[in-house]
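Colleague: Spelled out from the first residue to the last, the chains are:
Protein chains: 2
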Amino acid sequence: MKLRDDRRALHEIPELDRSLPETFAYLENALAGLNCRLFSPAAGSLCAWLDFGKEDAIAFRADCDGLPIAEKTGKPYASRHPGRMHACGHDGHMAIVLELARRLGEKRELPHNVLLVFQSGEETTGGARDICETGVFREYRVQAIFGLHLWPGLETGVIASRPRELMARSSEVNVDICGKSAHIAKAAEGVDALEAGTEFYRKAMEMERKLPSNIYRLLKFGKFESGTVRNALSAHTRMEGSLRAFQDEIFEDLVDGLRKIGRELEAKYGCAVDIHFSDGYPAVMNPENLAQRVGRICPFRLLESPSMTAEDFSWYQKTLPGMFFFLGLGDVPALHTDTFDFDEGILKAGADFFETLAERFQ
Amino acid sequence: MKLRDDRRALHEIPELDRSLPETFAYLENALAGLNCRLFSPAAGSLCAWLDFGKEDAIAFRADCDGLPIAEKTGKPYASRHPGRMHACGHDGHMAIVLELARRLGEKRELPHNVLLVFQSGEETTGGARDICETGVFREYRVQAIFGLHLWPGLETGVIASRPRELMARSSEVNVDICGKSAHIAKAAEGVDALEAGTEFYRKAMEMERKLPSNIYRLLKFGKFESGTVRNALSAHTRMEGSLRAFQDEIFEDLVDGLRKIGRELEAKYGCAVDIHFSDGYPAVMNPENLAQRVGRICPFRLLESPSMTAEDFSWYQKTLPGMFFFLGLGDVPALHTDTFDFDEGILKAGADFFETLAERFQ
Numbered sequence: 009m010k011l012r013d014d015r016r017a018l019h020e021i022p023e024l025d026r027s028l029p030e031t032f033a034y035l036e037n038a039l040a041g042l043n044c045r046l047f048s049p050a051a052g053s054l055c056a057w058l059d060f061g062k063e064d065a066i067a068f069r070a071d072c073d074g075l076p077i078a079e080k081t082g083k084p085y086a087s088r089h090p091g092r093m094h095a096c097g098h099d100g101h102m103a104i105v106l107e108l109a110r111r112l113g114e115k116r117e118l119p120h121n122v123l124l125v126f127q128s129g130e131e132t133t134g135g136a137r138d139i140c141e142t143g144v145f146r147e148y149r150v151q152a153i154f155g156l157h158l159w160p161g162l163e164t165g166v167i168a169s170r171p172r173e174l175m176a177r178s179s180e181v182n183v184d185i186c187g188k189s190a191h192i193a194k195a196a197e198g199v200d201a202l203e204a205g206t207e208f209y210r211k212a213m214e215m216e217r218k219l220p221s222n223i224y225r226l227l228k229f230g231k232f233e234s235g236t237v238r239n240a241l242s243a244h245t246r247m248e249g250s251l252r253a254f255q256d257e258i259f260e261d262l263v264d265g266l267r268k269i270g271r272e273l274e275a276k277y278g279c280a281v282d283i284h285f286s287d288g289y290p291a292v293m294n295p296e297n298l299a300q301r302v303g304r305i306c307p308f309r310l311l312e313s314p315s316m317t318a319e320d321f322s323w324y325q326k327t328l329p330g331m332f333f334f335l336g337l338g339d340v341p342a343l344h345t346d347t348f349d350f351d352e353g354i355l356k357a358g359a360d361f362f363e364t365l366a367e368r369f370q
Numbered sequence: 009m010k011l012r013d014d015r016r017a018l019h020e021i022p023e024l025d026r027s028l029p030e031t032f033a034y035l036e037n038a039l040a041g042l043n044c045r046l047f048s049p050a051a052g053s054l055c056a057w058l059d060f061g062k063e064d065a066i067a068f069r070a071d072c073d074g075l076p077i078a079e080k081t082g083k084p085y086a087s088r089h090p091g092r093m094h095a096c097g098h099d100g101h102m103a104i105v106l107e108l109a110r111r112l113g114e115k116r117e118l119p120h121n122v123l124l125v126f127q128s129g130e131e132t133t134g135g136a137r138d139i140c141e142t143g144v145f146r147e148y149r150v151q152a153i154f155g156l157h158l159w160p161g162l163e164t165g166v167i168a169s170r171p172r173e174l175m176a177r178s179s180e181v182n183v184d185i186c187g188k189s190a191h192i193a194k195a196a197e198g199v200d201a202l203e204a205g206t207e208f209y210r211k212a213m214e215m216e217r218k219l220p221s222n223i224y225r226l227l228k229f230g231k232f233e234s235g236t237v238r239n240a241l242s243a244h245t246r247m248e249g250s251l252r253a254f255q256d257e258i259f260e261d262l263v264d265g266l267r268k269i270g271r272e273l274e275a276k277y278g279c280a281v282d283i284h285f286s287d288g289y290p291a292v293m294n295p296e297n298l299a300q301r302v303g304r305i306c307p308f309r310l311l312e313s314p315s316m317t318a319e320d321f322s323w324y325q326k327t328l329p330g331m332f333f334f335l336g337l338g339d340v341p342a343l344h345t346d347t348f349d350f351d352e353g354i355l356k357a358g359a360d361f362f363e364t365l366a367e368r369f370q
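Top line first, the protein sequences correspond to chains A and L. Just remember that this note's numbering sits 8 ahead of the position in the first sequence, which is counted from 1. Just remember that this note's numbering sits 8 ahead of the position in the second sequence, which is counted from 1.
The shape of chain A in the complex, shown without the other chains (with noise of 0.2 angstroms):
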């Protein structure tokens, strides 16, 4: 079974971020027989041209690199890359495009072209982006892509998607509080920087609960760290969180709600308040009428909720009509953890729904 073998082989060699050469190798030998034209748009990338003669495309994303994670699930097919790890279910999702492209290379006819798609960087900086800019999608007239993800907790094989809000836009957020020490029985001489931050904090937690329940966002910290010793005023605060959202205005409003709580510390309490949000990726968001169109040729399971995690295919679906699903894989350990693993056998639903997709989306 190609599926099973073509994801062990690349199972035992995750690479990471941008840089993924024997990956790629794999790949261009295991395309190299079919009937498409491989090139690389952009460094770190690989696509393969299926043309049928047709007037547009359809593209099938898969994400290609793993992550700096020593795994622990002592399977024959075990990283041999040690601290790296295939434990997000990409050596899966190229087996399904791998499995696609040996399937529709074997057709005379299709409704378009198609264009599949390889890109590292997902877990990092947003490989999808560097490809999107390109503008290799405007120059093979590719109308939609599509991609999945496989997904613990999700029930074996089944395919499930939503319209609309799918995954978070995500942001790390770095709040960093500087007052001043001085000794706790001469408090009126430092700015309590424990003060402020415990109020920083309990203001940001108000301020994400008065939004409306049903808009789906998270604002969390996970760490708080202040001051070095219990007699004398804190001198600084660090708040390590995460900011996620799927509607745009929704997430800047929370950033600039952030900022302003900030600044009204800063008046409060003469200390300075500096909050850093990294660049994260947009939210997946699938367009309503896209998702109509699919769920009449090819049926998905509709999620109650999105996810609150984030992917970066995403940069896709701003720059064309994009849809993205989750592949169930049952009761596995989590994403991201060193045990994750799965039974290859629920690759082949993705390869069917993919295969589908390609011979009767319109």
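A few of these clues could be false.
Given that identical chains are not distinguished, each listed pair holds provided it fits within a single copy or across any two copies.
[To be verified] Within a straight-line C-alpha distance of at most 25 angstroms, the following computed BS3-like cross-link-like pairs (lysine-lysine) qualify: (1) 356 <-> 10; (2) 268 <-> 211; (3) 211 <-> 276; (4) 194 <-> 231; (5) 276 <-> 231; (6) 231 <-> 188; (7) 276 <-> 194; (8) 194 <-> 218; (9) 188 <-> 211; (10) 10 <-> 115; (11) 211 <-> 231; (12) 115 <-> 62; (13) 188 <-> 268.
Since the hints were derived computationally from the structure, they do not count as laboratory data.
Could you slot chain L onto chain A? The hints should help.
Modeller: Chain L in isolation, oriented as in the chain A frame:
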């Protein structure tokens, strides 16, 4: 000048806690030729009894222990004991009481017998308490005890004190809040120890602020640590602070208030809140009538407000009437710093003050 020689000799041999063999050998040697009887009422203590054939006695106390600080004064008389330093002026306190012994030993007549008390463990576990528990003050019919502390920031050579509150009752406060971690996108599955911790902090500060402004007290946290990573709920918050007050009922009210806040948050969040208060020293409270009696014969500068630091002299005051004073060192480095030092010329003012008390206190 004996005062300076004694202070410098003692400064060179700082010892810690309850074990001061070199220090006590020096004191015994210095007192040996004088008209007094030496005895040790409790381990780690030395008393000199000057008997003038009177009905009762008054006492003067010097604390004798150093600190675990590596001295950086660079002075020729700097500590010869690595990592230990007389950084709290106890060398000066001893020199003053030795000088007092020499002066009183030459007198024929005094209104009271005199007990000189040299104690250990002031910086650690309160050596004063052990001496009190021996009953030595009852046995020697001591009607009042006096002590002083060298005081940076107070004008050079000035003796200052105040009736009632002089130094605080102090306790270290550690708060541990245990929750349950969970991914921030699945917060409902966890118990957020950071949210509970910031609420504890804010409520504790609010409680303290509600006390009338004329009640001297201090409740501050200098250190707050919670959580390990940005994208998981914190499972544990640790707060380290200090609680200080003068009136025992205020102190106990604040302790009870913190425990009540802890119970409220346990009920609200389902976290576990553990609050630990260290055994501290009672407040140094000068009895008003004793302060009046002293003021009539030995005028001292009246301090506007008490110090929020602590002293185990308070144990004597729990046993017999006692009054504590500050002796100004002017603009010198703070107590407990590795560059603390002072001009021994100041010590004469302390010896003069105590001598006058011995001669004229009724």
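Colleague: Next step is simple, just say for each hint if it's right about the structure.
Modeller: Here is how each hint holds up against the structure:
1. 356 <-> 10: Classified as within; 10 angstroms inside a copy, 96 angstroms across copies.
2. 268 <-> 211: Answer is both: 10 angstroms inside a copy and 24 angstroms across each meet the 25 angstroms cutoff.
3. 211 <-> 276: both (14 angstroms within a copy, 19 angstroms between copies)
4. 194 <-> 231: between (28 angstroms within a copy, 16 angstroms between copies)
5. 276 <-> 231: both (24 angstroms within a copy, 21 angstroms between copies)
6. 231 <-> 188: For residue 231 and residue 188, the Cα distance is within 25 angstroms both inside one copy (21 angstroms) and across copies (14 angstroms).
7. 276 <-> 194: Cα proximity of residue 276 and residue 194: one copy only (19 angstroms, versus 34 angstroms across).
8. 194 <-> 218: between (37 angstroms within a copy, 19 angstroms between copies)
9. 188 <-> 211: both (22 angstroms within a copy, 23 angstroms between copies)
10. 10 <-> 115: Only inside one copy: residue 10 and residue 115 sit 18 angstroms apart there, 108 angstroms across copies, limit 25 angstroms.
11. 211 <-> 231: both (16 angstroms within a copy, 20 angstroms between copies)
12. 115 <-> 62: Only inside one copy: residue 115 and residue 62 sit 14 angstroms apart there, 120 angstroms across copies, limit 25 angstroms.
13. 188 <-> 268: within (22 angstroms within a copy, 31 angstroms between copies)
Checked against the numbered hints listed earlier, the structure breaks none of them; every hint is satisfied.
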